[in-house]
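J.: Line order of the protein sequences matches chains A and B. FYI, the numbering for the first sequence is 41 to 180, going by the numbering used here. FYI, the numbering for the second sequence is 294 to 583, going by the numbering used here.
The set of hints was computed from the structure by calculation and includes no laboratory data. Mixed in with the good hints, there may be bad ones.
[Said to hold, decoys possible] Listing some non-contacts, in silico: residues in chain A with all C-beta distances to chain B over 12 Å:
(1) Arg76
(2) Leu79
(3) Gln96
(4) Gln102
(5) Ile112
(6) Asp114
(7) Asn123
(8) Val144
(9) Ile146
(10) Val169
[Unchecked claim] Residues from chain A that face chain B, not an exhaustive set, calculated with beta carbons under 8 Å:
(11) Trp121
(12) Arg170
(13) Arg174
(14) Pro176
Quick reminder that beta carbons are idealized off the backbone N, C-alpha and C, glycines included.
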Amino acid sequence: MVTRGIQYIHFGILCWLLAMALHGEALAADKPRLARLKLTPEQCITQTKAQSCDMQITLQWQLVHEELICIISDYGARQHWCNDSPEVDRLTLQIETHKDIHFVMISQATHKTLAKAQLTVSSVAAPQVRRRYRNPWSVF
Amino acid sequence: MSRNCLSISLGLLLFSLSGLALADSGCNQDEECIPVGQWELGLALGWGKKTNPLADYEDIPLYLLPSVAYYGDNWFFDNGNLGYTLAEDEHFSVNLTTSYSLDRAYFYRWDPSNIFIANGNNQAAAIATQESLRDQGPQPAIGALEARHFTLLGGAEAFFYTPMGTFRLALGHDLFDVHRGTEAQIKWAYKLALQRWRFDLALLLEWKSREIVDYYYGIRPGESRYWNQEYRAEAAWNRGAEFSGRYVLNEHWELLLATRYTKIAAEIVASPLLNKDYSSSYFIGAAYRF
Numbered sequence: 041m042v043t044r045g046i047q048y049i050h051f052g053i054l055c056w057l058l059a060m061a062l063h064g065e066a067l068a069a070d071k072p073r074l075a076r077l078k079l080t081p082e083q084c085i086t087q088t089k090a091q092s093c094d095m096q097i098t099l100q101w102q103l104v105h106e107e108l109i110c111i112i113s114d115y116g117a118r119q120h121w122c123n124d125s126p127e128v129d130r131l132t133l134q135i136e137t138h139k140d141i142h143f144v145m146i147s148q149a150t151h152k153t154l155a156k157a158q159l160t161v162s163s164v165a166a167p168q169v170r171r172r173y174r175n176p177w178s179v180f
Numbered sequence: 294m295s296r297n298c299l300s301i302s303l304g305l306l307l308f309s310l311s312g313l314a315l316a317d318s319g320c321n322q323d324e325e326c327i328p329v330g331q332w333e334l335g336l337a338l339g340w341g342k343k344t345n346p347l348a349d350y351e352d353i354p355l356y357l358l359p360s361v362a363y364y365g366d367n368w369f370f371d372n373g374n375l376g377y378t379l380a381e382d383e384h385f386s387v388n389l390t391t392s393y394s395l396d397r398a399y400f401y402r403w404d405p406s407n408i409f410i411a412n413g414n415n416q417a418a419a420i421a422t423q424e425s426l427r428d429q430g431p432q433p434a435i436g437a438l439e440a441r442h443f444t445l446l447g448g449a450e451a452f453f454y455t456p457m458g459t460f461r462l463a464l465g466h467d468l469f470d471v472h473r474g475t476e477a478q479i480k481w482a483y484k485l486a487l488q489r490w491r492f493d494l495a496l497l498l499e500w501k502s503r504e505i506v507d508y509y510y511g512i513r514p515g516e517s518r519y520w521n522q523e524y525r526a527e528a529a530w531n532r533g534a535e536f537s538g539r540y541v542l543n544e545h546w547e548l549l550l551a552t553r554y555t556k557i558a559a560e561i562v563a564s565p566l567l568n569k570d571y572s573s574s575y576f577i578g579a580a581y582r583f
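Please model the entire structure based on the sequences and the hints provided.
T.: Set out below in structure tokens:
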């Protein structure tokens with residue numbers, strides 16, 4: 041009788057621990073310990089080096105605290121964007137670029153960097169070569 | 294004024310060519326090719342010598358030959374020469390380019406043409422008159438030489454690629470108002486690749502304006518009043534030949550033999566600073582490409 045009672049207690053503790061773990065995970069998913077900035081897609085692959093990436097990308101973020109943010113990038117056409125409501129948690133952009141684009145998310149309140157993301161542009165074409173006009177080992 | 298007009302006209306002509314697309318690099322196996330957007334570094338270690346035609350100046354030993362090049366889509370840097378490609382085609386190339394005259398290297402060890410060369414005599418030595426070239430009696434000596442400053446030449450070059458070889462036409466003018474001179478070059482080069490061997494042969498003519506000849510080889514009043522009056526610089530044509538042979542061992546290593554011979558124009562040899570009418574260079578060694 042006592043043994044069965046102890047088994048119930050163990051079972052109860054296990055259930056409690058499991059419930060706490062699942063609850064903690066759920067909390068972590070809702071409120072990450074660090075702010076996250078997710079870019080989709082992260083890669084753009086072109087056939088040639090001269091070809092540009094003409095595509096739609098989406099930035100989505102999660103914050104530790106509810107706050108207003110700004111997204112800064114080195115993409116010429118859209119270098120700065122800020123949300124005006126904490127409920128806005130994504131940004132979709134149409135871009136056309138030959139080179140990588142870096143995105144930085146900062147806090148509007150503190151101006152601190154919260155998270156970063158990068159779009160990488162690469163080409164499947166073989167390395168381009170050209171004529172060399174000078175003899176590399178010319179005796180002057 | 295007319296000189297400025299000429300420069301502007303030349304510039305407009307060359308920039309009008311820039312409308313030609315760089316459609317075809319034209320690089321094939323017989324030519325030296327370089328990846329776009331990457332530095333190419335190399336170092337050759339060996340032994341060689343460049344003879345100095347200046348009287349009382351030592352020959353210049355060669356131990357190390359560096360090779361530094363970067364080619365972008367249009368801009369390029371190649372062993373001290375900066376250039377911009379206006380047009381590139383299977384049959385021709387047109388570049389704006391800088392270059393430096395080889396004449397100053399005879400006077401100064403650390404001239405860019407002498408990089409990594411040891412024991413060159415860079416002292417402004419008192420020059421004896423050229424006994425070997427003039428069968429005359431004793432001549433007045435020349436005092437310590439004044440500075441011959443470094444300058445860059447800026448201009449244009451065109452390459453024409455034919456089955457008979459590559460022809461180069463180049464024209465450059467002093468960019469920094471040092472001597473205000475102009476140089477031109479006509480060069481024929483032929484490349485031959487046989488299995489692991491690579492041979493390069495070139496014949497060239499170099500024209501130097503009177504200003505250049507006078508700046509480097511003329512005698513200034515402070516050096517010798519007698520020779521300042523006696524020697525009158527004139528424009529001159531040097532003739533030269535170059536040959537290099539390479540045996541490619543693997544992706545990084547190659548054995549190298551390079552030679553150059555320059556027959557100096559009579560107008561320059563007439564200067565009392567010279568006691569030879571030629572300059573020759575050779576180098577033999579092993580080269581490594583990083």
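J.: The structure should be examined with respect to each hint, and the outcome stated for every one.
T.: Structure-based check of each hint:
1. For arginine 76(A), the condition that its CB be more than 12 Å from all CB atoms of chain B holds, with the nearest at approximately 34 Å.
2. Separation of leucine 79(A) from chain B is adequate, the least Cβ-Cβ distance of about 25 Å exceeding the 12 Å criterion.
3. In this structure glutamine 96(A) is separated from chain B by more than 12 Å, as the shortest Cβ-Cβ distance comes to about 28 Å.
4. For glutamine 102(A), the non-interface assignment is confirmed: its Cβ lies about 37 Å from the closest Cβ of chain B, beyond the 12 Å cut-off.
5. Listed as outside the interface, isoleucine 112(A) is consistent with that label: its C-beta sits roughly 27 Å from the nearest C-beta of chain B, beyond the 12 Å cut-off.
6. Under the 12 Å C-beta cut-off, the non-interface status given to aspartate 114(A) relative to chain B holds; the minimum distance is some 19 Å.
7. For asparagine 123(A), the shortest C-beta to C-beta distance to chain B comes to about 38 Å, beyond the 12 Å cut-off, and the non-interface label holds.
8. No beta-carbon of chain B is positioned within 12 Å of the beta-carbon of valine 144(A); the least distance is around 26 Å.
9. With 12 Å as the threshold on Cβ separation, the claim that isoleucine 146(A) sits away from chain B holds: the shortest Cβ distance comes to roughly 32 Å.
10. For valine 169(A), the condition that its CB be more than 12 Å from all CB atoms of chain B is violated, with the nearest at approximately 4 Å.
11. Hint status for tryptophan 121(A) relative to chain B: violated, with the closest Cβ pair at about 31 Å, above 8 Å.
12. Below 8 Å, beta-carbon pairs count as interface contacts, and arginine 170(A) has one with chain B at about 4 Å; its hint therefore holds.
13. Of the supplied interface hints, the one on arginine 174(A) holds, with its beta-carbon coming within about 4 Å of a beta-carbon of chain B, less than 8 Å.
14. Nearest Cβ of chain B to the Cβ of proline 176(A): about 4 Å, under the 8 Å cut. The hint holds.
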